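A.B. asks: The lines below spell out each chain.
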Amino acid sequence: MHLLRYIGRRILFVIPQLFGIILVSFFLVKLIPGDPAVMMLGPTASEESLHDLRDKMGFTKPLISQFVRYLHDVVRGDLGTSWQTTQPVTEDLFQRFPATLELITFGLLLAIAIGFPLGIAAARLKRGPVRKFADYYGLLAGAMPDFWLALVLIYVFYTKLNWIPAPLGRIDMAVVPPPTVTGSLVIDSLLAGDLDALSSSFGHLILPVLTLGLINAGPILKMTQSTVERTLASDFVRYAEMCGLPRRVVLRQAIRAALPSIVTIVSVLYGFLIGGAVLVEIVFSWGGAGQYAVQGVLNADVNPVLGFVVFSAVLSLIIYLLVDLLYFALDPRMRG
Amino acid sequence: MSGRAILDVADLWVGFPSYRQATQHALRGIDMRIAPGEMIGLVGESGSGKTTLARAVMGLVPPPGVIERGHVLFGGRNLAALGDEERRKVLGRELAMVIPNPRAELNPVQTVGRQISNIAFYHLGATRKEADRIALDMLRAVRIPDPERRFAAYPHELSGGMAQRVVIAIALVCSPKLVISDDATSGLDVTVQAQVLDLLQTMVREKGAATLFITRDIAITAHFCTRIAVIYAGEIVEIAETRSFFARPRHPYSIMLLAAFSHNPALRAKWTRSEESRRATAAGGCAFAARCVRRQPRCEQEAPPLRPSATGHEVRCHFPVEAAA
Chain H
2 MHLLRYIGRR
12 ILFVIPQLFG
22 IILVSFFLVK
32 LIPGDPAVMM
42 LGPTASEESL
52 HDLRDKMGFT
62 KPLISQFVRY
72 LHDVVRGDLG
82 TSWQTTQPVT
92 EDLFQRFPAT
102 LELITFGLLL
112 AIAIGFPLGI
122 AAARLKRGPV
132 RKFADYYGLL
142 AGAMPDFWLA
152 LVLIYVFYTK
162 LNWIPAPLGR
172 IDMAVVPPPT
182 VTGSLVIDSL
192 LAGDLDALSS
202 SFGHLILPVL
212 TLGLINAGPI
222 LKMTQSTVER
232 TLASDFVRYA
242 EMCGLPRRVV
252 LRQAIRAALP
262 SIVTIVSVLY
272 GFLIGGAVLV
282 EIVFSWGGAG
292 QYAVQGVLNA
302 DVNPVLGFVV
312 FSAVLSLIIY
322 LLVDLLYFAL
332 DPRMRG
Chain G
6 MSGRAILDVA
16 DLWVGFPSYR
26 QATQHALRGI
36 DMRIAPGEMI
46 GLVGESGSGK
56 TTLARAVMGL
66 VPPPGVIERG
76 HVLFGGRNLA
86 ALGDEERRKV
96 LGRELAMVIP
106 NPRAELNPVQ
116 TVGRQISNIA
126 FYHLGATRKE
136 ADRIALDMLR
146 AVRIPDPERR
156 FAAYPHELSG
166 GMAQRVVIAI
176 ALVCSPKLVI
186 SDDATSGLDV
196 TVQAQVLDLL
206 QTMVREKGAA
216 TLFITRDIAI
226 TAHFCTRIAV
236 IYAGEIVEIA
246 ETRSFFARPR
256 HPYSIMLLAA
266 FSHNPALRAK
276 WTRSEESRRA
286 TAAGGCAFAA
296 RCVRRQPRCE
306 QEAPPLRPSA
316 TGHEVRCHFP
326 VEAAA
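Those sequence lines, one after another, are chains H and G. Sequential numbering from 2 applies to the first sequence in my numbering. Sequential numbering from 6 applies to the second sequence in my numbering.
Since the hints were derived computationally from the structure, they do not count as laboratory data. Be aware that one or more of the hints could be misleading.
[Unchecked claim] Facing chain G, from chain H, some residues (calculated, C-beta under 7 Å):
| no. | residue |
| --- | --- |
| 1 | Glu48 |
| 2 | Pro146 |
| 3 | Ala167 |
| 4 | Val176 |
| 5 | Phe237 |
| 6 | Tyr240 |
| 7 | Leu252 |
| 8 | Arg253 |
| 9 | Gln254 |
| 10 | Phe329 |
| 11 | Pro333 |
None of the values given here were measured: they were computed from a predicted structure. Built from N, CA and C at the ideal position, the CB exists for glycine as well.
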């Protein structure tokens, strides 16, 4: 009951938050120089036709009324049209967001699989090769740009070894994609039992996921290590040791107490990667949402950019709500 | 004092090496024996080495501290020399600890029932179900109201006194041979403190455990310790039977501690130096000399040994007080 009321209140707060986000991003995007009319009609267009097009797109009206108009449309679920794809932005984003989410979800799962156990091992063993390795790994992962690692991986595994298909998109052109259920090609192929699609989509997914996983394991490793180190030195762990509880039980309690911080860093990374994975998307021609937004910025195509902002904002708000619910589950002190 | 001691501490020196300075000694030659079932009070101010002694007894001197000399034998075994796994079987089972700050030291994300039950589960080899039943019995035994409901409570949902009872329950689940209580009630309101102390005393008696009762509050020890040891700067300065100690304390520091509780300001003034200083005494002298009202030139040059005196006290003083007034 208490929980339901909490969720209800959180969802209610989403509305003013979204309004604020749209307000700020609308005016920021409008500040970007560039004239879509010139982009669309080319450099040889006459002044008159340019003016007509601007008028048709509503760009001649004052900014405020443009904003009100935009809000009005957003409330109806209409994010406008992209002049590049000539499709409604909502449709474009619904096509591209699953690609991005597939990439960053698997990427973060891999990052957790690397960073979490390594962080725990490094926190337990203050000296020795594991700790050294973890230290260097954290440093390296923090210093290495993800697109560069992506290029190196492509060079090694595609150019030299030729183990994986060409890094172009999510699936081979010749392979028929499975019917969409979750939006993740790998999971959908599994669900459809389509082995050709599975092996092709998996082959395409593996390098970008490896890139994101290896890079983002760094912060997860560091966070796990420092929090587990702190909980291992905390009063209740010392007391548990005095009570003669077995080592593994004490360690489990320490890790359990460290979980909230680790959940936090993972959720922050997830929210960040929705837009932050764009360089990796570009390197692998992934066709994800971040790539779409960047194309919009480069071509003065305002609606895709704003649409992307709205989508990511909603997604981030959902993620943070889920994280808060996780805190509730993890820490009885939050339940009040 | 003779016979089989459950705890035998002999000439124990614990040092904390430091990078720039000389090694700081938290304990400087502690001798102490505790017989089975005996309750001994260890009194001293902050920094006198009380907690280090407790940790040394458990074989868990906090790093970078090291036992430099002497030994601690618990039931004839040196816990510090045991492997982690061997020591773990003793701690919590034969040697239990009552801690001062339970709401910070109990696991914040585990129900208190589970935390008591864990001890029975891992030490007594009980099944989870038996362990839970034992835990519930313990909650009843420490007189926690509504134990079924409290079983599922988290530490932050309990009052300080209640949490302290839980800690006592955890300490006594396995009927240990020795309970160390380290300043256990210092954080409680005075009325609650009295209740918890009574409870601890009753429970320990019932289980037949010996107790090392560490405290800063000398008044508490009077009620239920059989012997009192006063520790100052890592040395025991006086050790005596309780009645005799309170009737006739011999060491100036013991008297100072007792005088601090006195309603007579003249008495307090008499035993406390006006120019109170905690500067270390020159090497070789008596550690207490700088604060002692009866300081003589000899005290600054020669450290006194712990000597038995006529009244059965052991006193570390060149000029033990004959009759305190």
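A.B. asks: Now tell me, hint by hint, if it's right for this structure.
C.D. replies: Results of checking the hints against the structure:
A hinted interface residue such as Glu48/H counts as satisfied when its beta carbon comes closer than 7 Å to some beta carbon of chain G; here the least separation is about 69 Å, so the hint is violated. A distance limit of 7 Å between C-beta atoms decides the matter here; for Pro146/H the minimum to chain G is near 38 Å, and the interface restraint is violated. The criterion of a C-beta within 7 Å of any C-beta in chain G is not met by Ala167/H, whose closest approach is roughly 49 Å, and the hint is violated. About 48 Å separates the beta-carbon of Val176/H from the nearest beta-carbon of chain G, more than 7 Å, and the hint is not met.
Taken as an interface hint, Phe237/H checks out: its beta carbon lies about 5 Å from the nearest beta carbon of chain G, inside 7 Å. A hinted interface residue such as Tyr240/H counts as satisfied when its beta carbon comes closer than 7 Å to some beta carbon of chain G; here the least separation is about 4 Å, so the hint holds. Checking Leu252/H against chain G by beta carbon gives a least distance of about 12 Å; that is not within 7 Å, so the hint is violated. Interface hint at Arg253/H: violated, since its Cβ lies 11 Å from the closest Cβ of chain G, which is beyond the 7 Å cut-off.
With its C-beta approaching chain G no nearer than about 6 Å, Gln254/H sits inside the 7 Å limit, and its interface hint holds. Contact between Phe329/H and chain G, as hinted, is not supported at the beta carbon level, the nearest pair being about 12 Å apart and thus beyond 7 Å. Nearest Cβ of chain G to the Cβ of Pro333/H: about 4 Å, under the 7 Å cut. The hint holds.
Checked against the numbered hints given earlier, this structure breaks hints 1, 2, 3, 4, 7, 8 and 10; the rest are met.
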